[in-house]
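With the hints as constraints, model all of the structure from the sequences given.
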Amino acid sequence: MTSLVTARNVSKRFGDVHAVDNVSFEIEKGKIMGLFGPNGAGKTTLLKAVLGLTDCEGQLSVLGLDPFKQRKELIQNICFIADVAVLPRWIKVTQLLDFMEATHPNFSRQRAEELLSHTKVRSDAKVRELSKGMVTQLHLSIIMAIDAKLLILDEPTLGLDIIFRKEFYANLLNDYFDGERTILITTHQVEEIENLMTDIMFINDGKIILDSSMEALPEIYIELMTAGESADKARQLGPLHERDVFGKKVMTFEGVDRERLAGLGDAHTPSVADLFVAKVKGAAA
Amino acid sequence: MISNQIALVRRELWEHRSLYVTPAVVALVMTLMLLTGYIFASGYEELVDIGIVGAQNIMGDGHRRMALGAFLIGNTVVFILASGVLTVFYCLDALYAERKDKSILFWRSLPVTDAETIISKLLTALLVIPLITFGVVVIAHLVNLVLTSIFVSIEGGSPAFMIWQSAPLLDVWATVLIVMLALPIWLSPFAGWFLFVSAWTKRSPLLTAFLPLVIVPMLEYFILRTHFIGDAIDERFTQLPLFSVDPEVFFDEKALAARTDAINLLELVDLGKFLSSPGVWLGLVVCGLFAIAAIYVRRYRGES
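Residue numbers (numbering that gives the first Met the number 0), protein chains in the order written: chain A, 0 to 284; chain B, 0 to 303.
Derived from the structure by calculation, the hints contain no laboratory data. Watch out, some of these pointers could steer you wrong.
[As the list claims (entries may be wrong)] Label-pair distances were calculated between CB atoms; the ranges are:
id : chain 1 : residue 1 : chain 2 : residue 2 : range
1  : A       : F176      : B       : S2        : 24 to 34 angstroms
2  : A       : N194      : B       : F88       : 26 to 36 angstroms
3  : B       : S2        : A       : R121      : 58 to 68 angstroms
4  : B       : I5        : A       : S122      : 19 to 29 angstroms
5  : B       : L274      : A       : S10       : 47 to 57 angstroms
6  : B       : A69       : A       : R121      : 19 to 29 angstroms
7  : A       : S122      : B       : L283      : 40 to 50 angstroms
8  : B       : I5        : A       : F176      : 33 to 43 angstroms
9  : B       : F227      : A       : T1        : 52 to 62 angstroms
10 : B       : A66       : A       : S122      : 45 to 55 angstroms
11 : A       : H267      : B       : S2        : 52 to 62 angstroms
We put the CB at the ideal spot given by N, CA and C, even for glycine.
Here it is, written out as C-alpha cells:
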C-alpha cells in the first residue's frame, strides 16, 4: 500500500493556542478516511495544512509533495470542497466551466456537463440564482469532473436537507469512488458516512485520539448495556465512558476482552457517534 | 502561465462588469450632453449659421484642426478621470471581495498561484482598464463627430470639409493611447498600495487606503519637519514625465491663441523621457513591493 498523506509530528500554533499539536498519521491510497472532532478541535486547520493553504511545523507530505511549498503541483492532483457557500455568487455556470477548463489540466468539461445534466442547474444561471442544494450539486459536479488522486471534503453537506445529503453521498460512492481514488472527509453528521468510510480518525484539542480502520473497531471497542450489580462489576474493568439510557447503564470499553464482558450484559460494537462521545469525554475525564 | 493569465483576466471582467460599464456610461452621458447642446443650439439659428459660415470660410485648416483636437481631448479627459476613479475602486475590491464572500477558498482550491492571481489583478488595473477605456473613447469620438456632422449638415455646412478633413483623429488617438498607458504606470505605486490594502485590511478598504495617504505626510511634517512623502505623493499627480514641453508654458492662453499652425500632439510626447525617468522605474519598484506584500498576505494569512 502506498500512503498518499504522511504526517510526522505536525503542529500549527496560533499564538499560544496549539490548533494542531504534534500529530502523526498516514492515509493510504484507496481509502475513505473520516476525520471527526468537536468544534475548534483543529480539523479545519489540519485540512488546510494538507491542502497547502497554511504552513505548519513538522513533516507533512501529500502525494509526495510539500503541500505549502509545492501547492500548485499538489492542487492539480487533489480537489476539495470547503463549504457550500464558497462558489462566487456572481459567476455563471458556463463561466465557471470555462475558467476550470482554462486553469485545471485534469478537469473534464464533458464530464462536468454530463453530471450537471442530471441536475436542475441550468448552464446560463448565476450561482446567486441557485438554491443552496443546487450550488452544492454544481460544486460537486465540478469537483467530480477533476481527475484527482485525493478528494478532501470539509463539511460538504452543511446546511443541506436530508434528501440532498443522501444524494450527495450516493453520487460520491457511485460516480466518484473507484478504489483508486482517496477521500478525506469531515462532517458533524457522523452517522451519514458511517457505512461509507474505510478508516476513521478522531481529533480533539489538536491531538489525534483515535486512528483506526473501520474493520478493526469491533475488536477494540465494545459497548455494554448493563444494570445493577453487573454494572458495578463492569465499572471495575475501567470503561472509557458511561451513560444512562432508560435506567440502564451503557459503558464503552477500549481494549477489553469481549468474553470478559459477555456475562455482564448486552455487548455490541458502538456506533461511531457514541464512540466519538466516549473518546472525547473519556479524554476530558 | 499565459493561458492562466488570460483566464484570470477574463474572470476579472466577468466579476467587475463596471470595468466596461463605467466608460460606456460616461460615453453615453457625454453623447447625450452633446446632443442636448445641439438641440438647444438649433434654437439660435442665426448665431449657429454665423458660426458655421465662419468655421467653414474664415478659419484655416490649422484652426479647425486645433478646435476639433481640443474638443476630442477635452472629451477624453473626462474618460481618463472616470477610469482613474474606477481603477481605485477596482483595486480596493479586487482582493477584498473574495475574502468577504469566502470565494477565496474556492479560487485557492484551483491550480493557480497567489502570485498569478495578483499579477492578473495588477494587469487588469494597469493595462486592461486603460485599453477598454481607450476602445470606448475611440467609439465615443466617432459617434460624437457623426452627431456633429449631422448637426452641421442640417445647419447647411459641409461636414466632410469642416470635420472629417480636419479632425486630427489619428494624432489624437495615438497620443491618447500613449497617455492612457503611461499614466497608470506612473501612478502604479498607488495601484500597488490599494491592492495591498485590499488583500490585507479586515474592514473598510477605502478608508484604510486613503487615511495613511493623508496622515503619514502630516506625521512626517510634525515629527521630522520634512515633507518627502507628501512631495512624493504630490509629484505623482503633477509631474508626469511624458511631454517634451512644459504644460504651463504651452497652455498659456495668449501663446496658444497666437498660434496659427496646427499642433501635432504626438510631437509633444517624449517616450524617451518617460522611459529614462528614474521616477517611472522607482514607481514600478514600489508597486512591485506592494504587490509582493499582497501575495504574501494572501498566501500566509490562511484564513477561512
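Going down the list of hints, with the structure as the test:
1. Distance hint check: the CB atoms of A/F176 and B/S2 are about 31 angstroms apart, consistent with the given range 24 to 34 angstroms.
2. Under the hint 26 to 36 angstroms, the C-beta atoms of A/N194 and B/F88, about 51 angstroms apart, miss the expected range.
3. Judged by the Cβ atoms, the range 58 to 68 angstroms given for B/S2 and A/R121 is violated: they are separated by roughly 28 angstroms.
4. Evaluation of the 19 to 29 angstroms hint for B/I5 and A/S122 yields a pass: the beta carbon distance comes to about 22 angstroms.
5. Here the CB-CB span from B/L274 to A/S10 is close to 51 angstroms, well matched to the stated 47 to 57 angstroms.
6. At roughly 51 angstroms, the beta-carbon separation of B/A69 and A/R121 lies outside the given 19 to 29 angstroms, and the hint is violated.
7. A C-beta distance of roughly 42 angstroms is found between A/S122 and B/L283, which places it inside the suggested range of 40 to 50 angstroms.
8. Between B/I5 and A/F176 the beta carbon distance is about 34 angstroms. The supplied range of 33 to 43 angstroms therefore holds.
9. Taking the beta carbon of each, B/F227 and A/T1 are about 60 angstroms apart, inside 52 to 62 angstroms as hinted.
10. Between B/A66 and A/S122 the CB atoms are about 52 angstroms apart, so this pair conforms to the stated range of 45 to 55 angstroms.
11. Evaluation of the 52 to 62 angstroms hint for A/H267 and B/S2 yields a pass: the beta carbon distance comes to about 57 angstroms.
In the structure shown, a violation is registered for the earlier hints numbered 2, 3, 6, in ascending order.
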